[in-house]
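S.K.: All chains should be built: construct the whole structure from the sequences, respecting the hints.
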Amino acid sequence: MAASARVMNHRSKKFHGNIHRRGEVSAKDAKKKEFGVGPVMLGFFCFVVIGSSVLQVLRSASSGALGT
1 MAASARVMNH
11 RSKKFHGNIH
21 RRGEVSAKDA
31 KKKEFGVGPV
41 MLGFFCFVVI
51 GSSVLQVLRS
61 ASSGALGT
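Following the UniProt record's numbering, the numbering of the sequence shown begins with 1 at its first residue and continues without gaps.
It is possible that part of the hints are untrue.
[Said to hold, decoys possible] Cβ-Cβ distance ranges computed for the label pairs, FRET-style:
| # | residue 1 | residue 2 | range |
| --- | --- | --- | --- |
| 1 | Ser4 | Pro39 | 37 to 45 Å |
| 2 | Phe44 | Val7 | 57 to 65 Å |
| 3 | Val57 | Gly36 | 27 to 35 Å |
| 4 | Met41 | Lys13 | 46 to 54 Å |
Keep in mind that the hints were calculated from the coordinates and are not lab data. C-beta: ideal position from N, C-alpha, C; glycine also.
M.R.: As structure tokens, then:
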């Protein structure tokens, strides 16, 4: 089924009006870069990782084992 000339003209004008704006993103549509996790979870993760490494160093220093 063929589209009418009026519809085709409207689509053509819409396409040609948009040709210069391709690839541009308006400020309202652009997303701000957000962190994947919140600052509380990031702090907790750092606390656990750094705390466990400090405890491992203290444990190995108190037992006197250098290689294990």
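S.K.: Now look at each hint and say whether the structure bears it out.
M.R.: Structure-based check of each hint:
Hint check: serine 4 to proline 39, Cβ distance near 57 Å, so the stated range 37 to 45 Å is violated. Judged by the Cβ atoms, the range 57 to 65 Å given for phenylalanine 44 and valine 7 holds: they are separated by roughly 58 Å. The hinted window of 27 to 35 Å between valine 57 and glycine 36 holds, with their beta carbons roughly 30 Å apart. At about 51 Å, the CB distance of methionine 41 to lysine 13 agrees with the hint of 46 to 54 Å.
The structure shown violates just one earlier hint, number 1.
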